[in-house]
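Q: Go by the hints and put chains B, C and D onto chain A.
There are 4 protein chains.
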Amino acid sequence: MSNLRAPFSFFHRLRVRWAEVDLQRVVFNGNYLLYFDVAFTEYWRATGLPDPIAQQKVGRELFVRKAEIEYLGSATFDDELDIGVRCEKIGRSSLTMNLAIFRDDSCLIAGSLVYVYADAHAKQSVEIPAAWRDRISELA
Amino acid sequence: MSNLRAPFSFFHRLRVRWAEVDLQRVVFNGNYLLYFDVAFTEYWRATGLPDPIAQQKVGRELFVRKAEIEYLGSATFDDELDIGVRCEKIGRSSLTMNLAIFRDDSCLIAGSLVYVYADAHAKQSVEIPAAWRDRISELA
Amino acid sequence: MSNLRAPFSFFHRLRVRWAEVDLQRVVFNGNYLLYFDVAFTEYWRATGLPDPIAQQKVGRELFVRKAEIEYLGSATFDDELDIGVRCEKIGRSSLTMNLAIFRDDSCLIAGSLVYVYADAHAKQSVEIPAAWRDRISELA
Amino acid sequence: MSNLRAPFSFFHRLRVRWAEVDLQRVVFNGNYLLYFDVAFTEYWRATGLPDPIAQQKVGRELFVRKAEIEYLGSATFDDELDIGVRCEKIGRSSLTMNLAIFRDDSCLIAGSLVYVYADAHAKQSVEIPAAWRDRISELA
Numbered sequence: 109m110s111n112l113r114a115p116f117s118f119f120h121r122l123r124v125r126w127a128e129v130d131l132q133r134v135v136f137n138g139n140y141l142l143y144f145d146v147a148f149t150e151y152w153r154a155t156g157l158p159d160p161i162a163q164q165k166v167g168r169e170l171f172v173r174k175a176e177i178e179y180l181g182s183a184t185f186d187d188e189l190d191i192g193v194r195c196e197k198i199g200r201s202s203l204t205m206n207l208a209i210f211r212d213d214s215c216l217i218a219g220s221l222v223y224v225y226a227d228a229h230a231k232q233s234v235e236i237p238a239a240w241r242d243r244i245s246e247l248a
Numbered sequence: 109m110s111n112l113r114a115p116f117s118f119f120h121r122l123r124v125r126w127a128e129v130d131l132q133r134v135v136f137n138g139n140y141l142l143y144f145d146v147a148f149t150e151y152w153r154a155t156g157l158p159d160p161i162a163q164q165k166v167g168r169e170l171f172v173r174k175a176e177i178e179y180l181g182s183a184t185f186d187d188e189l190d191i192g193v194r195c196e197k198i199g200r201s202s203l204t205m206n207l208a209i210f211r212d213d214s215c216l217i218a219g220s221l222v223y224v225y226a227d228a229h230a231k232q233s234v235e236i237p238a239a240w241r242d243r244i245s246e247l248a
Numbered sequence: 109m110s111n112l113r114a115p116f117s118f119f120h121r122l123r124v125r126w127a128e129v130d131l132q133r134v135v136f137n138g139n140y141l142l143y144f145d146v147a148f149t150e151y152w153r154a155t156g157l158p159d160p161i162a163q164q165k166v167g168r169e170l171f172v173r174k175a176e177i178e179y180l181g182s183a184t185f186d187d188e189l190d191i192g193v194r195c196e197k198i199g200r201s202s203l204t205m206n207l208a209i210f211r212d213d214s215c216l217i218a219g220s221l222v223y224v225y226a227d228a229h230a231k232q233s234v235e236i237p238a239a240w241r242d243r244i245s246e247l248a
Numbered sequence: 109m110s111n112l113r114a115p116f117s118f119f120h121r122l123r124v125r126w127a128e129v130d131l132q133r134v135v136f137n138g139n140y141l142l143y144f145d146v147a148f149t150e151y152w153r154a155t156g157l158p159d160p161i162a163q164q165k166v167g168r169e170l171f172v173r174k175a176e177i178e179y180l181g182s183a184t185f186d187d188e189l190d191i192g193v194r195c196e197k198i199g200r201s202s203l204t205m206n207l208a209i210f211r212d213d214s215c216l217i218a219g220s221l222v223y224v225y226a227d228a229h230a231k232q233s234v235e236i237p238a239a240w241r242d243r244i245s246e247l248a
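Chains as they are written, first to last, in this note's numbering: chain A, 109 to 248; chain B, 109 to 248; chain C, 109 to 248; chain D, 109 to 248.
There could be a bad hint or two in this list.
Note: identical chains are not told apart, hence a pair may lie in one copy or across any two.
[Unchecked claim] Straight-line alpha carbon distances no greater than 30 Å define the calculated DSS-like cross-link-like pairs of lysine-lysine that follow:
1. K174 - K197
2. K197 - K231
3. K165 - K197
4. K231 - K165
The set of hints was computed from the structure by calculation and includes no laboratory data.
Excised from the complex, chain A in its bound form (with noise of 0.2 Å):
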């Protein structure tokens, strides 16, 4: 286990699809936005708070505001990478999450993902529970 691994305890394992993969015979960039989703929505689950469709029904919403990606290395057809996810900061509404993608101790990604959380109506941003901010403190 690398130092890079170090800062996250929870991960998320996905292997690289075909269709995912490009010309350049490797994971067409935009698509590590598309794992940096199925990561954090595994890592939302592993806190136990209201999932993406129960929150919908009370009017609320998690949304990005913000996306970082480093490409590092990079990915191809069949590679069983980690999604590293941790919670660098909670804000009053806004959660920012690191990210980092790593094939065995190799890290090929490494990004961040700014969340707010808002009233999906009105489209502005509320307050984050603190029940809410006690679970994902305790996660990291």
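A: Leaving out everything else, chains B, C and D in the frame of chain A:
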């Protein structure tokens, strides 16, 4: 204009995107259904009939019940494709559409989609309105 | 285990991703071909026969010649799906595969894919090796 | 024409596809990188410089090293979007591109992509040819 194009009077043109091409340097087989969908959307716009969003507002939807695709050739990155769309048959609550994808005069893909017009909540088929029937017959 | 699952001995499980679901709150119709492809990749891994990359290295490929899909039900976000894969028929140079997608005991999607084994450069069909034939018959 | 559009002289227009929209009724966050890629392809075509396929033939490629995206608004099904593309900076072997996605005069997405020009086999950066530098500066 080849004989193969002859049955079609409606065409939609699109260009193959980088991310749609796979390791075999050709469009991933599933993406032709994406192209069919895009072309059907444009065909439907040409009919002037209520679009999917307008249909949703009154609790109706057209959903795909069956798809068939024959892969006769393959498209690659940056190809400009013409997608022919025509209605082969209008049933009580279904539309059988023929679609074909051409690069110049060569037919790469031939297929059909059967759509069912339905109540979006009850998930039950609903009779296609007479006015739709007339308009689609006109356009063929 | 329902009768519908009975013909299949090989299954691959996957979970529906957020980005795969459309405005009708169901998996976009074209994405089931993506699922078929993922499941066929795993079926092929189970055969132990040369994978697509190994085939490319010797100038061979399996390409899809025909696809048929019946949409009997619809999957939605976060559903866990079991995709059954079996070989219905082995021709001189073609494989006819049956695939079906289950959520628990309900069959949502039934389909078939015809693959042709070919010389990747000459784009001509090539006889399926006897050893492949035996192995696939074994696995059914 | 708003001030936000002012920095851009090159725009590519596209229409949001059904399959690109998610359960929140907006374009899935990762798909904007797909739009950036499509728009960059058209920008590059406008330069008249060797395209990705021509670059591959001589063992060169432009790969994405870094991406940043700010989500200021959201696009939905059938929206017509204008994607502005401009080169902010040309380094020895890198191009920093600014991109922004507009629906009419409202800027929905702002982002940047850093591309590195490289030897496709050695995976090492290569100096951007002077002729490219001149042409890109011309187009801005």
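Q: Please go over all the hints and tell whether each is borne out by the structure.
A: Hints, verified against the model:
| no. | hint | verdict |
| --- | --- | --- |
| 1 | K174 - K197 | both (14 Å within a copy, 22 Å between copies) |
| 2 | K197 - K231 | within (22 Å within a copy, 35 Å between copies) |
| 3 | K165 - K197 | within (26 Å within a copy, 40 Å between copies) |
| 4 | K231 - K165 | both (15 Å within a copy, 21 Å between copies) |
Hint violations for this structure: none, all hints satisfied.
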